[in-house]
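J.: Chain by chain, the residues:
Protein chains: 2
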Amino acid sequence: MLTTFKATAKKLPDGLQVETNVRNFKILMDEPEELGGTNAGMNPVEALLCALGACQTIVASAFAPAHNFTFDEFHVELEGDMDPDGFMGLADVRNGFQEIRFVMHFKTDEPKEKVEEYAKFIERTCPVGDCLANGVKLVLAGVKID
Amino acid sequence: MLTTFKATAKKLPDGLQVETNVRNFKILMDEPEELGGTNAGMNPVEALLCALGACQTIVASAFAPAHNFTFDEFHVELEGDMDPDGFMGLADVRNGFQEIRFVMHFKTDEPKEKVEEYAKFIERTCPVGDCLANGVKLVLAGVKID
Chain A
1 MLTTFKATAK KLPDGLQVET NVRNFKILMD EPEELGGTNA GMNPVEALLC ALGACQTIVA
61 SAFAPAHNFT FDEFHVELEG DMDPDGFMGL ADVRNGFQEI RFVMHFKTDE PKEKVEEYAK
121 FIERTCPVGD CLANGVKLVL AGVKID
Chain B
1 MLTTFKATAK KLPDGLQVET NVRNFKILMD EPEELGGTNA GMNPVEALLC ALGACQTIVA
61 SAFAPAHNFT FDEFHVELEG DMDPDGFMGL ADVRNGFQEI RFVMHFKTDE PKEKVEEYAK
121 FIERTCPVGD CLANGVKLVL AGVKID
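Chains as they are written, first to last, in my numbering: chain A, 1 to 146; chain B, 1 to 146.
Fair warning: there could be bad hints in the mix.
BS3-like, lysine-lysine: derived pairs with alpha carbons at most 27 Å apart [claimed, not checked]:
#1 A:112 / B:10
#2 B:144 / B:6
#3 B:120 / A:6
#4 A:120 / B:137
#5 B:26 / B:10
#6 B:10 / B:144
#7 B:10 / A:6
#8 B:114 / A:137
#9 A:26 / A:144
#10 B:137 / B:26
#11 B:120 / B:107
#12 A:10 / B:114
#13 B:6 / A:26
#14 A:120 / A:137
#15 B:26 / B:144
#16 B:112 / A:137
#17 B:144 / A:120
#18 A:6 / A:144
#19 A:6 / A:137
#20 A:107 / B:6
#21 B:112 / A:10
#22 B:137 / B:10
#23 A:112 / B:137
#24 B:114 / A:144
#25 A:114 / B:10
#26 A:26 / A:137
#27 A:10 / B:120
#28 A:120 / B:10
#29 A:120 / A:107
#30 B:10 / A:26
#31 A:114 / B:137
#32 A:10 / B:26
#33 B:144 / A:112
It is worth saying that the hints were derived from the structure and are not from the lab.
In this text the structure is predicted, and so the values were computed from the model without any measurement.
Use the sequences and the hints to build the structure in full.
T.: Here you go:
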């Protein structure tokens, strides 16, 4: 069944700070000083990496019983390469990440081959990963002057 | 200059909860009860919407002087459609968002046409938007058994 998820992002008075809200949860984002901010929070491309890693982690947890896969601990390390000169208009490179790499860590007694299969399942199942790997239709649905 | 941004995501003991970390910042993510979690935080696809909205907001702030564009307030409302039956393997639909829509709100005295042009500039400049609109190469760079 199609489900619609919602969020808002609002500029705060201080520099580049942004408050994002979903239901009763919020995340404060900012840029580090070298990117023009006041470093009050992680920046949006870092939050994007967090969303991907969290999505993979939830898939790892949620699907384990159905795969008869047991593990004691799981974490993922992610990194993405971006050239800020792209969105600054200073170089002819894309504005977003050029590549995102991740390493999955399991504490488990499962055999190596089964762990590697499960890691691939996580990679291809994760909704945020699908959005990033295959792209999403983005629609500027309105511009309001309040 | 190519810059590498990094994050980690770690499964917590409670249900589907995940702690994500970037530098000295963290975000707790979870799923609502109807998606199997304990609702201790927003979920990863909601965080993805936040990352997109925050990125647009920072672009709105950071590039305004260069565009001779002034505004008093800015916020963006975002929503994305997803069918959880996709990643649950229950329906032949994609696992991620099928579409993401956003409405940008400005409090400004600028003329309507200039506001609409600036909104389009924000849309095409935002790095997270580029990642989502055009996709990113994702690389499972390793599977470690600790």
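J.: Okay, which hints does this one fail, numbers in order?
T.: Hint check: nothing fails, all pass.
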